[in-house]
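Let's have the full structure, built from the sequences with the hints guiding it.
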Amino acid sequence: MDLIKGYNPRRSRLLIQLKNENLYHLPVVCNQCENAYCMNACPVKAIQRNDDGIVCIDPDECIGCGLCVQYCPIGMAALDPDTQKAVKCELCQGNPLCVEACPAGALELIYKGEINA
Amino acid sequence: MPDTYTNKLLVIDLSRKSFETIPVSDLFKTDFIGGKGFGAKLLSDMVPPGTDPLGKDNPLMFMTGPLTGTMAPAMRGCVVTKSPLTGIFLDSYFGGSFSPEIKYAGFDGIIIKGQAKNPVYIWINDDHVEIRDARHLWGTDILESNRLIKNELRDETIKIAGIGQAGENQVLFALIGCEYNRQAGRGGAGAVMGSKNLKAIAIKGSKPVAVHDPKRFQAACAKAFKELEESPDVEAFRVAGTAASVDYANETGLLPHKNYQSGTFSKASQLSDIGQSRHIWLGSSACMGCPIRCSKIGAVRTGKYKGIVTDIVEYESAALMGANLDISDIRAVAHLVKLCDLYGMDSMSTGNLIGFAMEACEKGLIKAPKGIELTFGNVIAAEHMIHAIAGQKGKLGKLLSKGVKQAARKIGGTAVKLAVHTKGLESPAWGPRGVSGMGLAYMTTDRGGCHQRGFPVSYELAGEWEGKPLDPLSSEGKAQMVIALQNYSAGRDTLVNCDFGSYGISAETYAELLSAATGKKADPDLIIKTGERIWNLVRCFNLAQGLDAKKDILPHRFVKECLPDGPSKGHRISEKDMDYMRQEYYQSRGWDKNGVPLDTTLNRLGIGYAGPHQ
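These protein sequence lines are chains Z and G, in that order.
Under this note's numbering, think of the first position of the first sequence as 1, with each following residue one higher.
Under this note's numbering, think of the first position of the second sequence as 1, with each following residue one higher.
There may be inaccurate statements among the hints.
Here are the computed distance ranges between Cβ atoms for each label pair [said to hold, decoys possible]: (1) 64(Z) x 155(G): 18 to 24 Å; (2) 31(Z) x 139(G): 54 to 60 Å; (3) 612(G) x 75(Z): 56 to 62 Å; (4) 113(Z) x 239(G): 32 to 38 Å; (5) 219(G) x 12(Z): 20 to 26 Å; (6) 4(Z) x 55(G): 41 to 47 Å; (7) 282(G) x 114(Z): 27 to 33 Å; (8) 21(G) x 60(Z): 35 to 41 Å; (9) 587(G) x 14(Z): 53 to 59 Å.
Now the stretches of chain Z that chain G is said to cover, found in silico as 3 or more residues with beta-carbon under 8 Å [said to hold, decoys possible]: (10) 20 to 34; (11) 66 to 72.
FYI, nobody ran anything at the bench for these hints, they're computed from the structure.
From the three backbone atoms N, C-alpha and C, an ideal C-beta is built for every residue, glycine too.
As structure tokens, this is what we get:
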């Protein structure tokens, strides 16, 4: 909302995949992959993993070539139509808005090693 | 400052193969807000008396509201056109994800004029508008054409509204399927689309819908979400959609059984959430941005019809395709309703019509198709009739495809007494004989016999309206309640909201959402007064199209035949009851004895130009 000054789910950093007449609707979120293809594919090293393990894009370094978009296996990188730079889920600095917005409690932010159950 | 309007309407002329955008003026927004209001005003301006609903001059309009496509919960879109089934105003609402996409592409609404020579579909990708050949799609059902278009355009995320074979064949109660499992269902908008040779509209929009005051809007949304969360009615929708209403209607004697001959069905619970949760449901699904998730999606897993994916069989379909036909196997009912969805025809009207045909056949008024036993309880006969109606096959299929009013007139004689409709729109699944206010709502609803422009049943059975006791069987004091509900409903339909949302979200919160979204002052009174303005404008439109007070009536069955069972056994809504309620209604509305709005009323509402003297 704040970033694009409005609403459009196509601009969100996650997607809901609909299958079989909507019998299945699966949320797809960025895995922050250990072997991140987006990071591997970036020709200018604009994509780096930060100290929390989150794969982040530096907009100043990004040249908007779209290779990360092409090689992410689950469609989680996109080119921002306004800036023409690559964007992906960076977990909103630790406070994901999607988690806050979900009325069904289907989304939760859990760090690696936190699942003890 | 931005607001949630895109301030543009897309006008596509299929005859000329051209399109243009027209601006949305401030005055238009102030007077009519959006959705139903926009549609009603445009239809009044564009459709003179005598316009053929299935001709090139009848526009087909897809309208959004100022809250469509935002984070405001439980919002929808609407289709507005002149109905081929009733010959009067038609607005039909749909959830899902198609209407937000209209806004994301940059439009407050789409107006389709003219007629294509050959089958076409429309592809809108933001500012790119293209009329594409659809000859290869003609003859496919709604889901198949949806798949084919997505393959053709190589994009799974496109949102599509389209017609099936029933719309192509101009079955007068054909619908428009809006993915997934959502329909602009009533009144034959699908036939209008078919008459234009328009198979589908596919949209993809990348533009954000901006709000005027983001902080205030987010706070209003949070309030709306909280109100939904705290409402027991919404909780009931969340758990079981409208399926639980089957048992409720049965206990209160309002459930149509055997073409509304009686009001109870001993096997009701097999059709309700009790039967559906056992045999069909697997999970919940929601329209875009809605926390209610009233849809219970699932599949028929066992028995003769196993393998079909089906959404919840919502109350109206369960009652009219189930109880009304004396069919209690919910898996069979799901199958019949799914067939209607695929062909693209209103399962309410279809259930009503098959019930009519079964009764007419049992009474010897019509002949069953060869080899078919057209009797109550026969699933095979019901299925046969659905195929026949959608494909306009055989004498009876052709006859029924014109709707129950025309079919009964053609058959003639006592058949007219078995036709359950008001103004040609087949009655919904709430027999009104035990709730006279619902009867008055059917008599006066702008699009014909409809339960969705005010639903007095809940107040009548609770026995209270605005703190005063209310007798469900009495004719007195119903008019004010029905008018208040209709005005508020028409006001909310400008936003465009979902009726279920209004069970939780308060009028104050709707007004606050509207105000924060648009930057204009709004309060509940504004929504109600706008609703009243629209209601009167539509009344003038309908009168000009040939409606008169003699058509503000209930069907023979509810007037002449006493309810044989249930708590309101022995009751009917007599001619005298109807006269009383109608006059009380006209008077309270500021209409004359013939149901014509008075000049003073129209002037008070700022639509003096709409009067019949013009």
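- Query: Does the Cβ-Cβ separation between residue 587(G) and residue 14(Z) fall within 53 to 59 Å?
  - Reply: 56 Å, holds
- Counting residues of the stretch 20 to 34 of chain Z with a beta carbon closer than 8 Å to any beta carbon of chain G, are there 3 or more? holds (count 5)
- Query: If you check the beta carbons of residue 4(Z) and residue 55(G), does the distance land in 41 to 47 Å?
  - Reply: 43 Å Cβ-Cβ, so the 41 to 47 Å window holds.
- Query: Quick one: are residue 113(Z) and residue 239(G) within 32 to 38 Å, going by C-beta?
  - Reply: 37 Å, holds
- Does the Cβ pair residue 282(G), residue 114(Z) satisfy 27 to 33 Å? Holds, at about 30 Å.
- Does the Cβ distance between residue 31(Z) and residue 139(G) fall inside 54 to 60 Å? 43 Å, violated
- Message: Given the hint of 56 to 62 Å, is the C-beta distance from residue 612(G) to residue 75(Z) inside that range or not?
- Response: Holds, since residue 612(G) and residue 75(Z) (Cβ atoms, about 58 Å apart) stay within the stated range.
- Task: Return holds or violated for the Cβ distance of residue 219(G) and residue 12(Z) against the range 20 to 26 Å.
- Result: 21 Å, holds
- Taking 18 to 24 Å as the hint, is the beta-carbon distance of residue 64(Z) and residue 155(G) inside that range? 22 Å, holds
- Message: Verify this for me: three or more residues of the stretch 66 to 72 of chain Z with a beta carbon less than 8 Å from a beta carbon of chain G.
- Response: violated (count 0)
- Outcome of range test on Cβ distance (residue 21(G), residue 60(Z); 35 to 41 Å): 38 Å, holds
Violated hints for the displayed structure, listed by number in ascending order: 2, 11.
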